[in-house]
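Protein chains: 2
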Amino acid sequence: MTPIQKFEKPLGMRDSFPLINEKKEKVREIGRTFFRSRGFDFIKTPTVEYYETIGKASAITDSSLFKLVDRQGETLVLRPDMTTPIVRVATSKLLKEQIPLRLAYFANVFRAQENEGGRPAEFEQMGVELIGDASVYADAEMIITASEFVEALGIDDYQLTVGHAGLLQSILMELTNSNGQVKELRQFLLEKNLVGFEEVIRTYELPNEVEAHLIEFINQASNLHSTEQLSSFIDEKNESQVQMFSYLKKLSILLENAGLSNLVAYDLTLTSEMSYYTGMLFEVFANGSGFALGNGGRYDGLLEEFNSTVGATGFGLRVDRLLEVIKPFTQRESHTLIYFDDVHYVEAVEAAKELRKQGIRTTIQLISSVEDQPSFQTNFSNVEWLIEGVGNNE
Amino acid sequence: MTPIQKFEKPLGMRDSFPLINEKKEKVREIGRTFFRSRGFDFIKTPTVEYYETIGKASAITDSSLFKLVDRQGETLVLRPDMTTPIVRVATSKLLKEQIPLRLAYFANVFRAQENEGGRPAEFEQMGVELIGDASVYADAEMIITASEFVEALGIDDYQLTVGHAGLLQSILMELTNSNGQVKELRQFLLEKNLVGFEEVIRTYELPNEVEAHLIEFINQASNLHSTEQLSSFIDEKNESQVQMFSYLKKLSILLENAGLSNLVAYDLTLTSEMSYYTGMLFEVFANGSGFALGNGGRYDGLLEEFNSTVGATGFGLRVDRLLEVIKPFTQRESHTLIYFDDVHYVEAVEAAKELRKQGIRTTIQLISSVEDQPSFQTNFSNVEWLIEGVGNNE
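Same order as they appear, the protein sequences are chains R and P.
Following my numbering, the residues of the first sequence are numbered contiguously, the last one being 394.
Following my numbering, the residues of the second sequence are numbered contiguously, the last one being 788.
I should point out that these hints are in silico values taken from the structure, not numbers from a laboratory.
Backbone N, C-alpha and C fix where the C-beta goes; we use that ideal spot for every residue, glycine too.
Keep in mind that a hint or two might mislead.
Straight-line distance between alpha carbons at most 30 Å, and here's what the computed BS3-like set of lysine-lysine pairs gives [stated by the list, open to error]: (1) Lys357(R) - Lys420(P); (2) Lys450(P) - Lys586(P); (3) Lys400(P) - Lys96(R); (4) Lys26(R) - Lys400(P); (5) Lys327(R) - Lys24(R); (6) Lys418(P) - Lys26(R); (7) Lys23(R) - Lys400(P).
If we take Cβ atoms under 7 Å as the criterion, some of the chain P residues that face chain R in the derived model are [what the hints assert, rightly or not]: (8) Lys400; (9) Phe428; (10) Lys747; (11) Ser763; (12) Gln767.
Here chain R is said to cover these stretches of chain P; the calculated rule only asks that three of the stretch's residues, wherever they fall, bring their Cβ under 8 Å from a Cβ of chain R [to be verified]: (13) 489 to 497; (14) 604 to 614.
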């Protein structure tokens, strides 16, 4: 192993330099105002949680967790997602009387990387959770809020894909009758690997018509503009399937009412690496971006792990991916630099005070401490000189 | 060991609930505007760094570090302070041409706790670093900026204590002539344990007049309103001491020019657990609070560890301690709750849209999902009902 150099950072860890950080801050600012205006309250949870509680419940594979041992000998993790810690908070004594709870967060989450493939090991998520409301209105509120937020960021070329984790599970279970096969098929769907999906079902030795039905399902149950087009995949004799499908139809009416028809596509093959989703789930895609900007869904199952029977739904967006598709917010701001020398210090302080009062960003700098003036000045829109024997402007 | 309960958090880890989080956000917002207006650019660095680089350079004792091992077998740490990562960034190729650099941050830092004594293991710091300016004006800028920022937060009853790490080191070294004794004495000064200081010097078997001089020093070299009062402790024959003292006097003139005379006390016994401070150092105290709100100083030595010879100075403040002394910012904001039932969903959505347009924070909620209406409503200033058979107001 080569020795670590002073300037190196761990695998997948990044610095945010001023320009990118300002852009992120602008996204956070829009998010704060937007989510608060809709009744969500921001909370923060610790970066470090117990492996036994949050680590195991988070539905992130063990090998992606950053683990550490504390001085008491307990295993800790850097939080791999925010939904699980928020459920911990929401089911605690302090808040559970006020459900339904609308909570929001900006937070870094952590996923260990095996090699430097450009994927970040720490990234910022923003999102909301609506805990304690099992109604279809709560799910509609999540999708509508995600849509309106993406628009508030100035992203207008985007799409929402809506599916149903419970319905997918039920359909695959009915056709394969094997938990192991369902899990395997969901993994292919997660990777959008339809070739792999078709190949693997051939190895299952299913009845011919079932195999044909499965292939028809993955080819035709996605990218649909109406839930009606999904009805042929529903088993009318399976009451739970019928119920879930009726829920999805009701959701689609609420989304239509909200004017989202043109933005929503239904996809029963949609699945998530988060195994805690039990009901509707959705993804937000910006056209032209290969990755989802974010995703969400109903996760009543996770609440049960915290001994709560109230339902919950929510979504999260990745700030790094939002930044890729957001248009530049503003032009370069004005920033004045005042150079001073030993005799003009007080004048420089006074001039800066005056400019700052006028709302102009102002830096004062002893000129003899600047080694490379042209490089130093690149970040300023205006330079003034309070220097013995030099005019006031360049 | 008792099994960990679902709701438990690791030792010293805290949740920030909405009310406290809003107050913190307000502090961040004031900080962002304030520091940017003075020419500082915000950056972010990873939560996780290499132990070999940041961990060792950070001057935090090893037992307070959260350590973990990554999948490549390297030892990592949760950053214990922000100054060291910022020096790593500032001395990297990308930024070093633009020095002097003015960088700012809000960031959580981590210190492992041995027992639950109420001390947080993760806390938020905000601060600035001015890297690449070795002049006394840079040090003055730090103290003045800290002072003006504390005032921008509405804290007016505070004090600044200014010392000099190099001068203290030189005076103690001259009197004891032992590195080990100097280290021991600095530890007593750090704990403000003057009794312990006096007791331990008696064990050093120093000449009587030296012992007397040391006791006089710790009793009289603090809480002084003029640097002149310190001159009796300076050895006129020690050129480096004379030089550092002259630097301190120049700094005091700049602070006086800035109108800070009444707020500044000089204290040559001031020291820091951060061993990288080499020049002036200072602390900000709110009257009535036992802890420093923050501290700062010149740390040219740390730059040397990153193979840089440019000087650097900065300060950081603890957000949790600022919150303790800040007056409440505003009264409770208005927040409207609209209850709806199945038939009034669309009306509720429209009404909310209208109110939000007017800038009124608005939540819509299906009434049948609310179990405990009085508890749920406590957070709202206004409740409206779009319910079959119920008037529009309570």
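Here's how the hints hold up against the structure:
1. Our distance criterion of 30 Å between C-alpha atoms is met by Lys357(R) and Lys420(P), whose separation comes to about 20 Å.
2. For the proposed pair Lys450(P) and Lys586(P), the alpha carbon gap of about 26 Å is at most 30 Å, so the pair holds.
3. Only pairs whose Cα atoms come within 30 Å are accepted, and Lys400(P) paired with Lys96(R) is accepted, the gap being roughly 15 Å.
4. In summary, the hint linking Lys26(R) to Lys400(P) is not supported, as the alpha carbons are separated by about 36 Å, beyond the 30 Å threshold.
5. Taking the CA atoms of Lys327(R) and Lys24(R), the gap is about 12 Å. The hint holds against a cut of 30 Å.
6. A hinted pair counts as satisfied when its Cα atoms are at most 30 Å apart, and Lys418(P) with Lys26(R) qualifies at roughly 18 Å.
7. A distance of roughly 37 Å separates the Cα atoms of Lys23(R) and Lys400(P); the hinted pair therefore is violated under the 30 Å criterion.
8. For Lys400(P), the shortest C-beta to C-beta distance to chain R is roughly 5 Å, which falls under 7 Å, so the interface hint holds.
9. For the restraint placing Phe428(P) at the interface with chain R, the shortest Cβ-Cβ distance is roughly 9 Å, beyond the 7 Å limit, so the hint is violated.
10. A distance limit of 7 Å between C-beta atoms decides the matter here; for Lys747(P) the minimum to chain R is near 10 Å, and the interface restraint is violated.
11. Taking 7 Å as the C-beta cut-off, the interface hint given for Ser763(P) holds, the closest approach to chain R being about 4 Å.
12. Taken as an interface hint, Gln767(P) does not check out: its beta carbon lies about 11 Å from the nearest beta carbon of chain R, beyond 7 Å.
13. With 7 residues having a Cβ less than 8 Å from any Cβ of chain R, the stretch 489 to 497 of chain P passes the three-residue criterion, so the hint holds.
14. Closer than 8 Å: that is the beta-carbon criterion, and the stretch 604 to 614 of chain P has 0 residues meeting it against chain R, so the requirement of 3 is violated.
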